[in-house]
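One line per chain: the protein sequences are A and B, in this order.
If you're matching positions, the first sequence starts at 1 in the working numbering and goes up one per residue.
If you're matching positions, the second sequence starts at 1 in the working numbering and goes up one per residue.
There could be a bad hint or two in this list.
What the hints assert, rightly or not - Computed list of lysine-lysine pairs in BS3-like fashion (alpha-carbon distance at most 25 Å, straight line):
hint: 1; chain 1: B; residue 1: Lys24; chain 2: A; residue 2: Lys286
hint: 2; chain 1: A; residue 1: Lys241; chain 2: A; residue 2: Lys11
hint: 3; chain 1: A; residue 1: Lys260; chain 2: A; residue 2: Lys111
hint: 4; chain 1: A; residue 1: Lys111; chain 2: B; residue 2: Lys24
hint: 5; chain 1: A; residue 1: Lys260; chain 2: A; residue 2: Lys233
hint: 6; chain 1: A; residue 1: Lys233; chain 2: A; residue 2: Lys111
To be verified - To be clear about the criterion: a stretch of chain B counts as covered by chain A if any three or more of its residues have a C-beta under 8 Å from a C-beta of chain A, and this derived list gives those stretches:
hint: 7; region: 46 to 53
hint: 8; region: 121 to 129
None of these hints come from the bench; they were simulated from the model.
It should be emphasised that the depicted structure is a prediction, and the values quoted were computed from it without experimental measurement.
All C-beta atoms, glycine included, are put in the ideal place defined by N, C-alpha and C.
Chain by chain, the residues run as shown.
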Amino acid sequence: MATIQVSEAEKVYIMHGVRDDSRVDGRGCEDYRHMEIETDVVSNTDGSAKVSLGQTDILVGIKAEIGRPRPMVPDEGYLEFFVDCSANATPEFEGRGGEELGVELSNNLYKVFNNRHSLDLRSLCIRPGENCWVLYVDVLLLQCDGNLFDAMSIAIKAALFNTRIPNVHISEDEEGGKEIELSDDPYDCMRLNVENVPCIVTLCKIGHRHVVDATLQEKSCSVASLLISVTHKGTVTCVRKLGGGSLDPDSIFEMTETGKRVGKMLHVPLMELLQKEENLGRERTKVGFLA
Amino acid sequence: MAGLELLSDQGYRLDGRKATELRKLQARMGVFGQADGSAYMEQGNTKALAVVYGPHEVRGSRSKSLHDRAVINCQYSMATFSTAERKRRPHGDRKSSEMSLHLKQTFEAAVLTQLYPRSQIDIYVKILQSDGGNYSACVNAATLALVDAGIPMRDYVCACTAGFVEDTPLADLCHAEESGGGTTLSLALLPRSESIALVQMDARLHQDHLPALMEAATVACKGLSKVLDDVVRQHLQEVSVQTRE
Numbered sequence: 001m002a003t004i005q006v007s008e009a010e011k012v013y014i015m016h017g018v019r020d021d022s023r024v025d026g027r028g029c030e031d032y033r034h035m036e037i038e039t040d041v042v043s044n045t046d047g048s049a050k051v052s053l054g055q056t057d058i059l060v061g062i063k064a065e066i067g068r069p070r071p072m073v074p075d076e077g078y079l080e081f082f083v084d085c086s087a088n089a090t091p092e093f094e095g096r097g098g099e100e101l102g103v104e105l106s107n108n109l110y111k112v113f114n115n116r117h118s119l120d121l122r123s124l125c126i127r128p129g130e131n132c133w134v135l136y137v138d139v140l141l142l143q144c145d146g147n148l149f150d151a152m153s154i155a156i157k158a159a160l161f162n163t164r165i166p167n168v169h170i171s172e173d174e175e176g177g178k179e180i181e182l183s184d185d186p187y188d189c190m191r192l193n194v195e196n197v198p199c200i201v202t203l204c205k206i207g208h209r210h211v212v213d214a215t216l217q218e219k220s221c222s223v224a225s226l227l228i229s230v231t232h233k234g235t236v237t238c239v240r241k242l243g244g245g246s247l248d249p250d251s252i253f254e255m256t257e258t259g260k261r262v263g264k265m266l267h268v269p270l271m272e273l274l275q276k277e278e279n280l281g282r283e284r285t286k287v288g289f290l291a
Numbered sequence: 001m002a003g004l005e006l007l008s009d010q011g012y013r014l015d016g017r018k019a020t021e022l023r024k025l026q027a028r029m030g031v032f033g034q035a036d037g038s039a040y041m042e043q044g045n046t047k048a049l050a051v052v053y054g055p056h057e058v059r060g061s062r063s064k065s066l067h068d069r070a071v072i073n074c075q076y077s078m079a080t081f082s083t084a085e086r087k088r089r090p091h092g093d094r095k096s097s098e099m100s101l102h103l104k105q106t107f108e109a110a111v112l113t114q115l116y117p118r119s120q121i122d123i124y125v126k127i128l129q130s131d132g133g134n135y136s137a138c139v140n141a142a143t144l145a146l147v148d149a150g151i152p153m154r155d156y157v158c159a160c161t162a163g164f165v166e167d168t169p170l171a172d173l174c175h176a177e178e179s180g181g182g183t184t185l186s187l188a189l190l191p192r193s194e195s196i197a198l199v200q201m202d203a204r205l206h207q208d209h210l211p212a213l214m215e216a217a218t219v220a221c222k223g224l225s226k227v228l229d230d231v232v233r234q235h236l237q238e239v240s241v242q243t244r245e
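Next comes chain A alone, as it looks inside the complex (with noise of 0.2 Å):
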């Protein structure tokens, strides 16, 4: 469930075990947690991902659908984000009460990755100022144990290069009326550049020190994190406090370079592990849920 307790003393537990470099699970302070991503697990979307992180569960599937791009960019494309938080994760979310939560997730979504420096949003554009294509995000979070945004960026990288575009053919009848035609063929696709997406690494602040990852507990314990979207070069995209407490400057620097190492790191095995997948093609066993 995503509300805890934790009292007093197993607050203290815990963040000395910070300041030793040891946590309550073993890992050290720039460790993650078991991570396994799995894509393509939901047919009728373009592209889809399910990451567990931890306890933490997340799928999300991408629709695209055409669209009439923005007045001010009109020869680009665009991306929606939706976050549902739903009652599977916790009862608290029933009715209406994860909607601030996920209106909360969906904003910072849009901050860090609908923009053309993380993905070419010009390759949506279909017709400059008449259609383009709009990627519907839909993240649905099925459990919380911390540590949503490092997930969900992980998630949503993962199903955008699964995502699969249909090509499009424009035919011009006689009286100069356009039609567009999308392609049967499910090879005759096109693939997002997914090399600048970044993923997100939330650095919580416990004591003096700050760690990756934290679980539920730890950040029950820690009074603000940093949240630091970072590409594959190590550009820090965005950079946001979250959190009611307050950060001094140079823990603020510090946490930067740690975001931007940890990462950097984040981005190698994940693109191999997603190229891997990819090249088992049809052989791979698609587990989903009932592994």
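Given the coordinates of chain A, work out where chain B should sit on it, guided by the hints.
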């Protein structure tokens, strides 16, 4: 019908099944660690997740609590990407509220609620991919989740749809068959006693055909109950091996 032949002259359906054949059923219990009970169910291309919390104290207003039995609280939702056309909202529309109500009625008939007075049992189901028979996939998944949570029930609740095409009852309809315009009957059954937890039929049907349709749905539900039972037994075996180690 618009060019779609739901049942060929040779007696095969759109996806190659015979009239009484069910879709491939795969399920797993205990998918999530945090919930009290959880299950995942695939019926052909329809995929559903069910999570159970409780029995626990009644949340929110105390006035909801019943002095002699537990309250069953259901929420049905569909992932926004589950259907061919993207949905705007996962839940809260009229169709999913109705579905929540049906699930509640179904499980009130099956769960031994009188064992937990003044408490509440939450059942949350989510359709991840929809290809017809959403209600039945949800009921079957929720049954497994309740078993996983260890909540006592009279019997498994098994649900299945049946349709009627060209004087032949078809079991376990897929989306194309459901939207083909024919009659669809959803049945939730407690198979051992053959008592009906919920029955619902859309569109009209001649009275003479009803027994045949009900019979087809009943047989399908009983077939399903065997599969569910196998899943439960296999899960228990795995768990007991794990705990022995």
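Hint check:
Annotation: proposed proximity of Lys24(B) to Lys286(A) holds, straight-line Cα distance about 15 Å (limit 25 Å). For the proposed pair Lys241(A) and Lys11(A), the alpha carbon gap of about 22 Å is at most 25 Å, so the pair holds. For the suggested pair Lys260(A) and Lys111(A), the alpha carbons sit about 18 Å apart, so the restraint of at most 25 Å is met. Only pairs whose Cα atoms come within 25 Å are accepted, and Lys111(A) paired with Lys24(B) is rejected, the gap being roughly 42 Å.
Distance restraint check for Lys260(A) and Lys233(A): the Cα-Cα separation of roughly 9 Å lies within the 25 Å cut-off, and the hinted pair is therefore satisfied. Among the hinted pairs, Lys233(A) with Lys111(A) is consistent with the structure: their alpha-carbon atoms are about 19 Å apart, no more than 25 Å. Coverage of the region 46 to 53 of chain B by chain A holds. Counting CB-CB distances below 8 Å, 4 residues qualify, and the rule asks for three or more. Only residues whose C-beta sits within less than 8 Å of a C-beta in chain A count toward coverage, and the region 121 to 129 of chain B has 5 of them, enough to reach three; the restraint holds.
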